[in-house]
Amino acid sequence: MHRVLQQPFKTAVLVLVWGWLLFLVLTPNLLVVGASVMTRDPGTFISLPLNLDAYRQLFDPLYLDVFLHSLYMAAMTTLVCLLIGYPFAWSLSKVGKQRQLLLIFLLIVPFWTNSLVRTYALKLILATNGLLNSALMPLGLIDEPLKLLYTEGAVIIGLVYLLLPFMILPLYSVFEDLRQELLLASHDLGAGRLSTFIHVIVPLTLPGVLAGVMLVLLPAMGLFFVPDILGGSRNLLVGNVIKNQFLDARNWPFGAAASIVLTVTMAFLMFAHRLSKRRLGEEGG
Amino acid sequence: MTRWLPRTYLALVYLLVYLPILVLVVFSFNESRTGYSWEGLSLRWYESLFNNRAMVGAMWNSLWLALSAATVSTVIGGLTALALHRYRFRGKKLLNGMLFVVMMSPEIVLAISLLALFLLVGLQLGYVSLLLAHVTFCLPFVVITVMARLSGFDDSLPEAARDLGASDFTMTRTVLIPVIMPALLAGWLLGFTLSLDDVVVSTFVSGPSYEILPLRIYSMVRVGLKPEVNALGTLLLVFSLVMLMLSQWILIRSKR
Amino acid sequence: MKKTLLSLKNVSKAFAGKTVLDSLDLDILDGEFITLLGPSGCGKTTLLRLMAGFEQPDVGSVTLSGHDITHTPPEYRPLNTVFQNYALFPHMSVYDNVAYGLKMEKRPKGEIRQRVDEVLAMVQLQDFARRKPHQLSGGQQQRVAIARAVVKRPQLLLLDEPLSALDYKLRRTMQVELKRLQRELGITFVFVTHDQEEALSMSDRVVVLKEGEVQQLGTPREIYERPANLFTARFVGETNLFPGYLDSVAADTITVDILGVSRKLQKPAFAVRNGEQVNVLLRPEDIRVLAPEDEHGLPGKIVERNYKGSTLDSVIHLEDGTEVLASEFFDEDDPTFDYKLGEPVRVSWVDGWEWLLPVELEPVAEEAEGLVADA
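Residue numbers (full-length UniProt numbering), protein chains in the order written: chain A, 1 to 285; chain B, 1 to 256; chain C, 1 to 375.
For the record, the hints were derived by calculation from the structure and aren't laboratory data.
Every residue gets a Cβ at the ideal spot worked out from N, C-alpha and C, and that includes glycine.
There may be inaccurate statements among the hints.
Under the rule of at most 27 angstroms between Cα atoms (straight-line distance), these lysine-lysine pairs were calculated in the DSS-like manner [said to hold, decoys possible]:
#, chain 1, residue 1, chain 2, residue 2
1, C, K308, C, K264
2, C, K267, C, K308
3, A, K10, B, K226
4, C, K169, C, K308
5, B, K93, A, K277
6, C, K18, B, K92
7, C, K132, C, K103
8, A, K277, B, K92
9, C, K179, C, K169
10, A, K147, B, K226
11, C, K301, A, K10
12, C, K109, C, K132
13, C, K301, C, K267
14, C, K18, B, K93
15, C, K179, C, K2
16, C, K169, C, K132
17, C, K132, C, K106
18, A, K10, C, K106
19, A, K97, B, K93
Computed far set for chain B versus chain A, every beta-carbon distance over 12 angstroms [stated by the list, open to error]:
#, residue
20, M103
21, S156
22, M181
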């Protein structure tokens, strides 16, 4: 008590933030875990008895298909982001310092604009009589409009468009830390371009890759508005399933179980990221 | 070849990133209703936007929510960052870890957990539930922004203030807060933008009593094309740009 | 006799189980310039932080003019600190930095203005009042830091390696400046440094610290000429250390065999017995280098010579392999005075300037070997 009075400021701040986190983070998450093992109830959303029905339902072929399809689209999104982002971050790290800052600024400007609006803008381009088709048709490249909208591809394009900066920024930061001397040293020791890439650049940028994967893969399973706008009814994400269960079907236990799948995926990715960083830290130190 | 290849590549990616935005802005001035072909310059969509009272109402609601969520999260997040930086206390790692988990969690996970909580405690879904939810997801970003600034600053500054006769509180007010002001501002701005942009969490925790802009846009763009959205998107873009410029300007000025 | 201003009694401090200060006693006298000297990690900065109130001792007490201030927060202690990196508030002008402490005392505006102007004039920065810290040079920032601390008229000024960030020439200027300030203000200065030259040239008294314990407390002259132990002898200045064998011990005098030369010396403060070995300490400037045909001294040859401007420092190997450091002032009558490597000489030293220390069982010997191996 004496110490509490001695540092009223410290105590007040800690009580405030702990209170906030316990009430608005820990308790709600425990509620979700609790809900996932309870029984669906049309009146009160959930009720006893406890059971694992919700988790069993995850393996119902109907939902398993949706989950696997969602995972596939998220994985494709991540892969495309990585394929675009890796060379991008690398190229960026080679530009002059002053221009680098400007380019990073330009990259995050769209991030500051409403993501719904940006997803909608893609619709303008991808629609059957949208910009892309009306540009390609006169050129004679295609005879009839391509069906782009409401496809799996459209969802992936939308997700890539929204999430690309989250892949590029962590990659950029590892490339920026990658000292030029290391590459010179590798060449000096007789390694060619390819072996330098495999033995030096890839291992050193791996934490950035994993951070980027983590920042892209998880949202790519949750951003339910992207399929809503671009994907139609057949290209659903885990996020759509959760949303439907909570807001429309009112099957809370199932929605909660689906959300726990996401949380477990996140925990796994975070663990992998930590591991990669620690390994690098030990080898470097 | 080593020079032009990376540059061409960068230019290409930027083109792809900016193309949809450019299309949006151009089409917001398009007379056409269908929105696919150019039928001449017009401000009619801006006009219809401002004549839409529900839309304007949602806009004000959103601005007010973003303003308050950013302010509350900057206050709490700033104080938390200070505590994490300056004090040794039990559970510090846990606190850090929890903030990190909140930041990394898919928004939808946060969204349903908050919905469950609000229904359990019987909180009416509306402004308060939105505020609590938005502050929660903004908090870690503010903490991280402020922590980054604090870690780059001389630890003896607080001691110097104490040495010259300032109490802990006075020192915080006269030295720490002014020094981390740019970071607080950046954190506030980040919170403001995150709040204004949020769809996922808001979908779950908002009620009919408090309609906000992203949800309004969401209901508009789900089906078909709505030219008003072009106009609204352009306005939001300009607004974000002005905010961003302003913050950069303040940051640069504070360095001088 | 001056009165004690600040007194530390039986002070111990450990960080994460590692002892930094060990049952340390120290009295600081009113008006003196006292320096805490020691290698990094010796506890000198922790000691200063205990005085300032940034740390509190695990055991022991700190008293200021008879009042116990062991647990008084820094803002209530009538003493101020000049920080190593100055710790100037980057968002405030020079004027506001200096005025900060007075504002905390809630002084009237007029008084603050007058006192800040005064102290800025004293450190010759009156024209820089409107500048921000980053617009000043290192030396100017240093002077602001000092002005900010002394404007509060503290009873005690604590200076934590305040000159370490400055280049050599500026450091010399600031040393003189600090001495002048201390005389003018009449404030007690507690100065922390690892630079023994700085400590000797500025202080009234020097505290030599090692591993949290006081090795010696005395005037610079005492520290240099009569070091209390081998650590002090080696840490402060260059040293020749020769083994001496006691041939006879009388009431007041002893006879010692030093490198085969028998000398009659005053009996040292520590107990000595016939036949025992002692360490004989001779500073390089006590050594005399003589011509090879001289009848005095021991034969050897020059193995190294270092031109130092005002002195010529040389290393001489005696015939038995003993290494001797000599430092000689240039003779104005002989401008060509120099040695060639390998040149034969004889070595002697001024009779009576030997300083005796008991033989210590110490790990320092390993360190010395290590140094030789490194070289």
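Indices of hints not satisfied (ascending):
Of the numbered hints, 1, 2, 3, 11, 13, 19 and 20 do not hold.
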